Each structure stands twice: as structure tokens, then as C-alpha cells.
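*Asks:* As a plain string of letters, each chain reads:
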Amino acid sequence: MKLTDLPDSHGHFGPYGGIFVAETLMAALEELRVEYDKARQDPAFMAEFEYELKHYVGRPSPVYHAKRLSEQYGGAQIYLKREDLNHTGAHKINNTIGQALLARRMGKKRVIAETGAGQHGVASATVAARYGMECVVYMGAEDVIRQAPNVFRMKLLGATVVPVSSGSKTLKDALNEAMRDWVTNVESTFYILGTAAGPHPYPMLVRDFQCVIGRECLTQMPELAGRQPDAVIACVGGGSNAIGIFHPYIPHEKVRLIGVEAGGSGIASGKHAAPLSAGSPGVLHGFRSYLMQDENGQIIETHSVSAGLDYPGVGPEHSWLKDAGRAEYVAINDDEAMAAFHDLCRFEGIIPALESSHAVAQAKKLAPTLKKDQIILVNLSGRGDKDINTVAKVSGITL
Amino acid sequence: MSRIGQTFIALKAHNKKALITFITAGDPGKGLTVPLMHALVEAGADIIELGVPFSDPMADGPVIQRASERALANKVGLKDVLAMTADFRKNNTTTPVVLMGYANPVERMGYQTFAQAAKAAGVDGVLTVDIPPEESHGVADVFKAAGLDPIFLLSPTTPESRVEQVAAVASGFMYYVSLKGVTGSAALDTDEVSRKIATIRRHCDLPMGVGFGIRDAATAEAVARIADAVVVGSRIVNEIENASENELIGRVKALVQDLRRGVDAASK
Numbered sequence: 001m002k003l004t005d006l007p008d009s010h011g012h013f014g015p016y017g018g019i020f021v022a023e024t025l026m027a028a029l030e031e032l033r034v035e036y037d038k039a040r041q042d043p044a045f046m047a048e049f050e051y052e053l054k055h056y057v058g059r060p061s062p063v064y065h066a067k068r069l070s071e072q073y074g075g076a077q078i079y080l081k082r083e084d085l086n087h088t089g090a091h092k093i094n095n096t097i098g099q100a101l102l103a104r105r106m107g108k109k110r111v112i113a114e115t116g117a118g119q120h121g122v123a124s125a126t127v128a129a130r131y132g133m134e135c136v137v138y139m140g141a142e143d144v145i146r147q148a149p150n151v152f153r154m155k156l157l158g159a160t161v162v163p164v165s166s167g168s169k170t171l172k173d174a175l176n177e178a179m180r181d182w183v184t185n186v187e188s189t190f191y192i193l194g195t196a197a198g199p200h201p202y203p204m205l206v207r208d209f210q211c212v213i214g215r216e217c218l219t220q221m222p223e224l225a226g227r228q229p230d231a232v233i234a235c236v237g238g239g240s241n242a243i244g245i246f247h248p249y250i251p252h253e254k255v256r257l258i259g260v261e262a263g264g265s266g267i268a269s270g271k272h273a274a275p276l277s278a279g280s281p282g283v284l285h286g287f288r289s290y291l292m293q294d295e296n297g298q299i300i301e302t303h304s305v306s307a308g309l310d311y312p313g314v315g316p317e318h319s320w321l322k323d324a325g326r327a328e329y330v331a332i333n334d335d336e337a338m339a340a341f342h343d344l345c346r347f348e349g350i351i352p353a354l355e356s357s358h359a360v361a362q363a364k365k366l367a368p369t370l371k372k373d374q375i376i377l378v379n380l381s382g383r384g385d386k387d388i389n390t391v392a393k394v395s396g397i398t399l
Numbered sequence: 001m002s003r004i005g006q007t008f009i010a011l012k013a014h015n016k017k018a019l020i021t022f023i024t025a026g027d028p029g030k031g032l033t034v035p036l037m038h039a040l041v042e043a044g045a046d047i048i049e050l051g052v053p054f055s056d057p058m059a060d061g062p063v064i065q066r067a068s069e070r071a072l073a074n075k076v077g078l079k080d081v082l083a084m085t086a087d088f089r090k091n092n093t094t095t096p097v098v099l100m101g102y103a104n105p106v107e108r109m110g111y112q113t114f115a116q117a118a119k120a121a122g123v124d125g126v127l128t129v130d131i132p133p134e135e136s137h138g139v140a141d142v143f144k145a146a147g148l149d150p151i152f153l154l155s156p157t158t159p160e161s162r163v164e165q166v167a168a169v170a171s172g173f174m175y176y177v178s179l180k181g182v183t184g185s186a187a188l189d190t191d192e193v194s195r196k197i198a199t200i201r202r203h204c205d206l207p208m209g210v211g212f213g214i215r216d217a218a219t220a221e222a223v224a225r226i227a228d229a230v231v232v233g234s235r236i237v238n239e240i241e242n243a244s245e246n247e248l249i250g251r252v253k254a255l256v257q258d259l260r261r262g263v264d265a266a267s268k
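Heads up: the sequence lines are chains F and L, in that order.
With the first letter of the first sequence counted as 1, position 38 gets the number 38 in my numbering; the numbers rise by one all the way through.
With the first letter of the second sequence counted as 1, position 40 gets the number 40 in my numbering; the numbers rise by one all the way through.
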């Protein structure tokens, strides 16, 4: 079997993935699976998706040769896939457009979403406004405070933001609450899941909608650099931007695929969000994958300066790619990500999202070990306007 | 035959319906669970469902979520729940105990290791909420081989075509969640439930338990008229949450006695 043939018909990527949900959701997931299967074979659906990506999102997003950054880091040439230039400022919109079109096709007039940093919430609120749907976004009470500007953006777009005060009050708890809403309102409601995780078919359909990133790179890299990159680097929280750029490159065996998890205060400190680097397999949020858990199987709290990476699990396909040896996964600590954030601001005039800064930081480590004519492609998954308060705080500055 | 099967046969012989009561292990205190289990039985419970605390109880409403959080704050994990069951068995060898929880704590212990430890502790059935039949291959067999009944859920959204598939892996009893939504949800439409149960019975011989939305003697009676067992969870946990420690046992007993009266009224 080829690595690209997965998941199987039950949503399994080897031992990972699957459908681990209560009975109440089984019928809804089956309905979604059947409808998505029809949609992706429907030329009209795919044409509308592509039209929206081009005219509403602004795709294709450019690939940019970051020459000054490459000189600073010394060694390989660094190219950036500019997902930060998409409408709403991140890769998340690729997926929310796809799912909103599915929701409309299925006759659902209400959409719900979970959000951590708020990017997926904003992207969901955006498409709900675009297609005239009611939108409810669940967000950890802690994140509502950390990401106040995004909360306001969602409200401007007409969404209702529900703060979640259970558990650790972060992304995982927002996801629990969104699932509870879905269980209760399953007939009227479409759940727009924000990352390539959750029960089947979500990891597959989110990946498929995000693969536009990698497919564009396959065309753009030869045009711009004369060939494909030696390594592709992307940050991994749930892992949707990473799987979106990795997946089309899986058959290109010479291209190294490097996923970057949030190392927080360092793996040794235990305060991180790096299940692939330091976790073990388990079941959470409807699928089996690497998780951050204690010896009793309880999910442990994660730590990262980046709210979007602050998640104890990871999409099942990444677990599979790790075990299969096709992708490598490393961790970048908060301080390294912060330094890379400032580098990109100063040397390229680009304010990156803190999530994406983790990927840039890994390029900073890798570039000097490679030759000058080698190429690193970094997925710059989002822009950093949303993070300026966090950066100011970490730097001891009051705005 | 398992203790669960025997319990249903004995009740049927006396023309009675079963009352199944749920509490979360370790809530409100580690040392209070076993006394509460005995109190439930004294007040008229036929089967005890013991919730295994989990950090992310996706299918539960706020009442049981909070119980899970209190239990975790008391540092109660799956091993403690097994120890509590073993302790309960010192003074009660007849009332079935069903563990209800989520996959991950069991997966972490290992399904085989868990099944043997659970049987040794005196557990009779296991309901892992987030393991549907599709993902249960092997798991249900491991439980059955150890002498545990794997218990599964059916819901209002379960298509008729699926009931047989669920019934094929289940044993002990079938648990019909009478409402969409999470545990502790509000209203209950007994006519709707009644129709659905009739459909399910065409494909499934197991005793039918109905839960979600049962709050008092009246709703217990209404459900007992159409099901073999009445399952009450959030209402009891709610009582536990609002009782001080010295009134805890008394209040829970009074509530369960009231539910018992409701269940028995259906058989008159």
C-alpha cells in the first residue's frame, strides 16, 4: 500500500485515526462521509471550491525567496509559502471554505467551530457570513482573554463566541464543548472542525482541503527555484497546515518533511505541547494518535507561547508518517520561536504568526547544516498581527 | 451467566423492572464511593454504574463533567476505581457493577490487563462511551473472554439498519440514550422512546435500559413502563454535588427510594 492511499475506508492510518465517538454521533459522521465522498467526485463542487479559493481567498498564495533571512542564517536558501497572505491571514480559510460548501450542500444552516488562537474561529465566522449561516464558536475562557482581538473579529462577522470554562479552559475543552453542541443539535448543525484531527472523515477531508498548499508548491518551486526543495518545514499543532504542504510531497521521496511541535519551556521541563516528540499513543477527541497523557491515561495540560499549537494531541496522519519514517518531528522551544519571529520581522519585513515562527526557527537550525544551493521550503501558515500583544508581554513591553 | 444476566432474570421472575444508578467514582471524596454504593443498593438500586473519571468527558453534560473534575482533583484513576469495586464486593456479592467511562484510561492500562483486573475486582460490565462497535473489534472479545459484559449505547439517531450490528457485539443489556445530547439534558418524550424501543426489540434480545432525562419518580415510572431498566445518572450526581458531607448518604438514599417507588409503580 502506498502512503498516499490512506486512510482506509474506516478512517485508519495504520493503527491511528478511526472513529472513537459516542453512538449519538455515528450517524452524523456516516452522513458526512457519504456526502463528502459524493462532493469530491462532483466537478461542480470542486469547481466552486477552486473558484472561492481563487477569488475570495486570493490563491495561489506566493512562494517567496527570503534572501536576507537565508544570508543571516547561512547555508541553505529559505523559501516561504505565504499562507499568511490569504484572506483572514492564515491557511485555516482553505478548510473552512471547503466545509462550509459541504454544509450548504447538506442543507445545514447552522455551523459550529472550536478555536484556540482564534484563527479557525475567525475563518469559520468569515465563511458563515459569506454563505449566510448562523455561526457559534466555542473558545476556552483562557484563550478568550489571551486572544481578545480575534474574539472581537468573530463578533464583527456575526458569530456568537461561547467561552468554555471547563477543564483547562483552552482548545481541547473548546473541542469537547463543540462536540457536545453537535451531539445535541446534530440534525441542524454542521461542525466545522479546524484541524486534520477528530473522528473520520475529518482528518481526511481537512487534509484534502488543505492540500492546495502543497500542490501549489509543487508547481511554484520549479518555476521559482528550478527544482523541488530538499526539505519542507511546517509547524504542527493539530497539524492541518503541515499535512496540507506535506501530503503532495509524500511521493517525492528525496524531499525531507519536517514537522515542528511546540517545545514550550523545553521537553525536559514537561511544559510543552509536543505529543509526537514526547507523548504516547492513545484515544482522544474521536481518534487514536500520539497524545500528552499521564500514567493513568488522563490528558495533561500543555504549554506553548503559541495558542494555536497548545493542543495535547495531533492529527492521526502525522502519527502514521512518524512511525512510517516518512516525516521527522522535532520540537522548538518558546524562546527559539520568539527569536525567529523577530528575525522574520527585521530581515524580511514579515510579521509571522507565533505558530509559523516555530517552523522558521527550525529552518534557522537546519540551514547552516546544508549547502548554499540547497533549498528549504517553510510553510508560513499565518500572519502575526494577532500575536503582537503576546510578543509585547513576553518582551516586557506594555502597549 | 453473568451477574447482570442473573439480575434481569430474577427481576423478571418477580415482575419487576431494574433501577440502574450512576455515580462517579471518587466524587465527592475517595472514601465516600463505597459507602455510597452500599447506600444505592439499600435504597433499591439493582445495578450500579460507576463512572471512571476522565479529563475530557466529551459525551457528558456539565453535571457529570464537574463530578469527573472533582474526582480527578481527589486523584482517582482507573486503578482506584477497581480497588473501590473490590472493596464494595467484600460486603456485596450480588449487585452487578458496570464501569462507565472513556477509552483512553483503559487503553493506557491495556485492554487485556484491564479486563483481568476488572474481573478480579468484581466488575461485571464495561461501557466505554467512545468505543462504538466499529472500533471494538478485539476489545469486546477481550472483555467477554474475561467474563465481562461489553455494554453499548443506542441513540435516537441510530438507524434501524445499525441496531443488529451493535447487538451482535453487546451483552448484558442494551443502553438506549433517550435523547440527543449529552448526559443531564432536559426533556423526555416517552412516546417517541416507546416507538424506538419497539423497533430495537425486533433486532435485539438483550434487556433494554433507558437513560438520559429521568429526574423523579414520575419519569422513572413512565420509562419503566416501556423499558426493562431505568438508568439515572445526572440527577443523582446533582444531589451529591449539592449535599454536605453529613447529609450526603441520607439525601442520595431518599432520592433513590423515590425513583424505586416510581419504577415499581410501573409494575402494579
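None of these hints come from the bench; they were simulated from the model.
Bear in mind the structure is a predicted one, so any value in this text is a computation, not a measurement.
Beta carbons: idealized from backbone N, C-alpha and C, even for Gly.
Wrong hints could be hidden among the right ones.
The following residues of chain F were derived to be distant from chain L, with all beta-carbon distances above 12 Å [to be verified]:
#1 H10
#2 G18
#3 H55
#4 Y56
#5 L85
#6 L157
#7 V161
#8 E216
#9 S280
#10 Q293
#11 K365
As a list, the in silico DSBU-like pairs of lysine-lysine whose alpha-carbon atoms are at most 30 Å apart [as the list claims (entries may be wrong)]:
#12 L/K119 to L/K30
#13 F/K67 to F/K108
#14 F/K271 to L/K30
#15 F/K169 to L/K268
#16 L/K119 to F/K169
#17 F/K67 to F/K371
#18 F/K271 to L/K79
#19 L/K75 to F/K169
#20 L/K16 to L/K79
#21 F/K372 to F/K322
#22 F/K271 to L/K16
Okay, the calculated beta carbon distance ranges per label pair [stated by the list, open to error]:
#23 F/E295 to L/A243: 30 to 36 Å
#24 L/D258 to F/H10: 27 to 33 Å
#25 L/G31 to F/E295: 18 to 24 Å
#26 F/T160 to L/K12: 46 to 52 Å
#27 F/V394 to L/A243: 33 to 39 Å
*Asks:* For every hint, state whether the structure bears it out.
*Replies:* Tested hints:
1. With 12 Å as the threshold on Cβ separation, the claim that F/H10 sits away from chain L is violated: the shortest Cβ distance comes to roughly 6 Å.
2. Not every C-beta of chain L lies more than 12 Å from that of F/G18, the closest at about 5 Å, which undercuts listing it as non-interface.
3. The non-interface label for F/H55 is consistent with chain L: the shortest C-beta to C-beta separation is roughly 37 Å, beyond 12 Å.
4. With a minimum CB-CB distance of about 33 Å to chain L, F/Y56 clears the 12 Å threshold, and the non-interface call stands.
5. Remark: the non-interface label on F/L85 is consistent with the geometry, its nearest Cβ contact in chain L lying 35 Å away (cut-off 12 Å).
6. Non-interface status of F/L157 relative to chain L is upheld: no Cβ of that chain comes within 12 Å, the nearest being about 27 Å off.
7. The beta carbon of F/V161 sits about 19 Å from the closest Cβ of chain L, which is more than 12 Å, so the claim that it is off the interface holds.
8. The beta carbon of F/E216 sits about 36 Å from the closest Cβ of chain L, which is more than 12 Å, so the claim that it is off the interface holds.
9. The Cβ of F/S280 sits about 8 Å from the closest Cβ of chain L, inside the 12 Å cut-off, so the non-interface label is violated.
10. Interface exclusion of F/Q293 from chain L breaks down, the closest Cβ pair being 7 Å apart, not more than 12 Å.
11. For F/K365, the condition that its CB be more than 12 Å from all CB atoms of chain L holds, with the nearest at approximately 33 Å.
12. For the proposed pair L/K119 and L/K30, the alpha carbon gap of about 21 Å is at most 30 Å, so the pair holds.
13. Restraint check for F/K67 and F/K108: the C-alpha separation of about 47 Å exceeds 30 Å, so the hint is violated.
14. At roughly 29 Å between alpha-carbon atoms, F/K271 and L/K30 fall within 30 Å of each other, so this suggested pair holds.
15. Restraint check: the Cα-Cα separation between F/K169 and L/K268 comes to about 49 Å, which exceeds 30 Å; the hinted pair is violated.
16. About 36 Å separates the Cα atoms of L/K119 and F/K169, which puts this hinted pair outside 30 Å; it is violated.
17. Between F/K67 and F/K371 the alpha-carbon distance is near 14 Å, which keeps this suggested pair within the 30 Å criterion.
18. Proximity of F/K271 to L/K79 is assessed by CA-CA distance (about 26 Å); at most 30 Å being required, the pair is judged to hold.
19. Of the pairs offered as hints, the one joining L/K75 and F/K169 holds, with about 20 Å between alpha carbons and a cut-off of 30 Å not exceeded.
20. For the hint linking L/K16 to L/K79, the alpha-carbon distance of about 34 Å lies beyond 30 Å, and the restraint is violated.
21. Under the criterion of a C-alpha separation no larger than 30 Å, the hint pairing F/K372 with F/K322 is consistent with the structure, at around 28 Å.
22. Distance check on the hinted pair: F/K271 and L/K16 sit about 55 Å apart at the alpha-carbon level, beyond 30 Å; violated.
23. For F/E295 paired with L/A243, a C-beta distance near 32 Å keeps the hint of 30 to 36 Å intact.
24. The beta-carbon spacing between L/D258 and F/H10, approximately 45 Å, falls outside the hinted interval of 27 to 33 Å.
25. Between L/G31 and F/E295 the C-beta distance comes to about 23 Å, which sits within the given range of 18 to 24 Å.
26. Checked against the hint of 46 to 52 Å, the pair F/T160 and L/K12 passes, with Cβ atoms roughly 49 Å apart.
27. The hinted window of 33 to 39 Å between F/V394 and L/A243 is violated, with their beta carbons roughly 46 Å apart.
Consistency with the previously given hints fails for numbers 1, 2, 9, 10, 13, 15, 16, 20, 22, 24, 27, ordered from lowest to highest.
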